[in-house]
Amino acid sequence: MSDGDIVQDRAASGAAEGGGIMRFPAEAVLRLESGARVHGLEVAYKTYGQLNADKSNAVLICHALTGDQHVASPHPTTGKPGWWDKMVGPGLPLDPARYFIICSNVIGGCMGSTGPASTNPATGKTYGLAFPVITIADMVRAQVMLVEALGVERLFAAVGGSMGGMQVLQWAADYPEKLFAAVCIAAAPRHSAQNIAFHEVGRQAIMADPDWRGGDYAETGVRPEKGLAVARMAAHITYLSEPALQRKFGRELQRDGLSWGFDADFQVESYLRHQGAAFVDRFDANSYLYITRALDYFDLAAAHGGVLAQAFRRAREVRFCVFSFTSDWLYPTEESRAIVRALNAAGARTSFVEIETDKGHDAFFLEEPVLREALRGFLDSAAQARGLT
Amino acid sequence: MKAAPVREDFREILRLVRPGARVLDVGCGEGELLDLLAREKGVDGRGIEISAEGVSACLARGLAVVQGDADRDLDSFPAQAFDYVILSQTLQAVLNPRHVLGELMRIGGQAIVSLPNFGHWRVRLDLLAHGRMPMTGSLPEPWWSTPNIHLCTLRDFTALCDDLGLRIDAAARLSEGRPARPIDPSRPIENWRSEAALFLLSRRDGAPGPGVGSQKSDLFE
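First to last, the protein sequences are chains A and B. Just so it is clear: in the first sequence, position 127 is 126 by numbering that gives the first Met the number 0, and no numbers are missing. Just so it is clear: in the second sequence, position 89 is 88 by numbering that gives the first Met the number 0, and no numbers are missing.
One thing to keep in mind: the hints can contain errors.
As the list claims (entries may be wrong) - Here are a few chain A residues that face chain B, going by a calculated C-beta distance under 8 Å:
hint : residue
1    : A344
2    : V352
3    : E353
4    : A373
5    : Q383
Stated by the list, open to error - Not everything, but these chain B residues come out facing chain A in the computed CB check (under 8 Å):
hint : residue
6    : L58
7    : A59
8    : R60
9    : S75
10   : A78
11   : A80
For the record, the hints were derived by calculation from the structure and aren't laboratory data. Think of the CB as a built atom: it goes at the ideal place given N, C-alpha and C, for glycine as much as any other residue.
All chains, full assembly: derive it from the sequences and hints.
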């Protein structure tokens, strides 16, 4: 692919923080797994730190379903701190003083990368459902284009949690020669029936909202906020553990006494409503459909004769570190163990830690000292082996 | 659960392992042995460790270690993936020692196994004199809290090896604070005087022995 005519909007070029939108020329076609093609790909990204002289210190962080490129800087809409500010920053395991950290919005997303809210060059209108269905492998292919356009031939590491972890696994399967190390946190090698089922609830909630209009809501100025909020509420439950919900809310009431109606009596109801309402401010309903679909289609073994170890057969030289959380019931430890078993069978250099926590799936971006220190140990020693200072 | 004599174990293992070999240390703790083997013998080492803290310590040392246990997680490794599989002072603490020993020999060309000897004279005397479960240097905990749930004597262990078709390539007596000494484990006297022992094992059917592991590690069964 050509990276000759790339237009970059690098905010504060040369400074420790950079990024913008990487616009690929129309002839740099992104071929999707479905057979469809995307022309004029745009990838929104952020960078932290500087690429070193021998271009060996680049780390790609892959975000989760509702994440974005703002990994360690405030979100432009909500103003909230970056979603992984516990792990990325000065003195933290992913320190911009040491690494050139790249995080891009996945394709299909709604934070600047090409997705269903982009303009379809064929019609001049917003894609909506005319946007082709994408997969995790397609997201990774777009990341490869971005990384190459940034002048990086081989990453020091790809790091991600949840859907980001799946992208890391896909990198290891498809581009092992471009990875020195890989970190996969709270992920799975495929979506289970239960995972697909929860996503289907979310998608049906969006599509049942009359404001969704078959996906063509962009021109109406009204978005299917109710449906998207319900989708978020259902999904959010899967990110938390029962003990965490119990500890946070129990059966506590919003105010004294029951309303004997359908207001949010319980604190947990009010919390979920708030989660739903806050989500629609920063996320697009069609993107939610596309990205959940990409997750449901994810089955890394399927493309390799049903044998997961085969997916990693070329990744023997990559240093892997896999993490899971004891209370994660979205992608339970058993899923991570399946990944580890396959990596062992492929002869890859694999480490695995199961973190004891009751915070559920979301533990990966919350304060988890054991995770932080284990990741620090893994990355520091890998950096040493790579000759990074 | 590296019980006492630890240093002697390590020194003897260091002596037995060929330079540059592929080694799996099952129950590797904080990775002291793997670290030692990497530094002194240039081995390509991997580990299995049951505690997250142990794994974290190993990660900080740059070791590749998987959290898991001997009973459950050996089956993920393909046959003959390693030249040596080490199980140090752990066999007596697993749920199914026979299965674990079989697994060690499946995934490794040779196995290095050390274990406390319940046939040691002090153990026998203790039991005879007091009629209670013995507590010694190798077996320091009372019966109700000991992790050692499958204790055996040297004769028991050599009988199991026989049963599984294993050959004992080398054996050494381990005593606290003293260097390991080579023994013939079939001699009854060794069953009396060895506090703990270390064995180098391979399969009697001659199938893959030392040295072939790394060449034939095309790792799909």
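Checklist entry - Under the criterion of a CB-CB separation shorter than 8 Å, is A:Q383 in contact with chain B as hinted? => result holds, 7 Å
Checklist entry - Against chain B, is A:A344 within 8 Å by beta-carbon distance? => result holds, 5 Å
Item to check | Closest C-beta approach of A:E353 to chain B relative to 8 Å, hint status | outcome: holds, 5 Å
Checklist entry - Against chain A, is B:A78 within 8 Å by beta-carbon distance? => result violated, 10 Å
Next on the checklist: Take the shortest C-beta to C-beta distance between A:A373 and chain B; is it under 8 Å?
Outcome noted: Hint holds; A:A373 Cβ to chain B Cβ min 4 Å, cut 8 Å.
Item to check | Hint status (Cβ of B:L58 to nearest Cβ of chain A, threshold 8 Å) | outcome: Given a least distance of 4 Å, the restraint on B:L58 holds.
Item to check | Minimum beta-carbon distance criterion (8 Å), B:R60 to chain A | outcome: holds, 7 Å
Item to check | Hinted contact A:V352 with chain B - closest CB pair below 8 Å | outcome: holds, 5 Å
Checklist entry - Is the interface hint for B:S75 satisfied, with its Cβ closer than 8 Å to some Cβ of chain A? => result holds, 4 Å
Next on the checklist: A closest beta-carbon separation below 8 Å is what the hint needs, so does B:A59 meet it against chain A?
Outcome noted: holds, 3 Å
Next on the checklist: So, as I understand it, the hint says B:A80 touches chain A; can you test that by seeing if any CB pair is closer than 8 Å?
Outcome noted: B:A80 check passes; min Cβ-Cβ to chain A is 7 Å, inside 8 Å.
Against the hints set out earlier in the document, a violation occurs for number 10 only.
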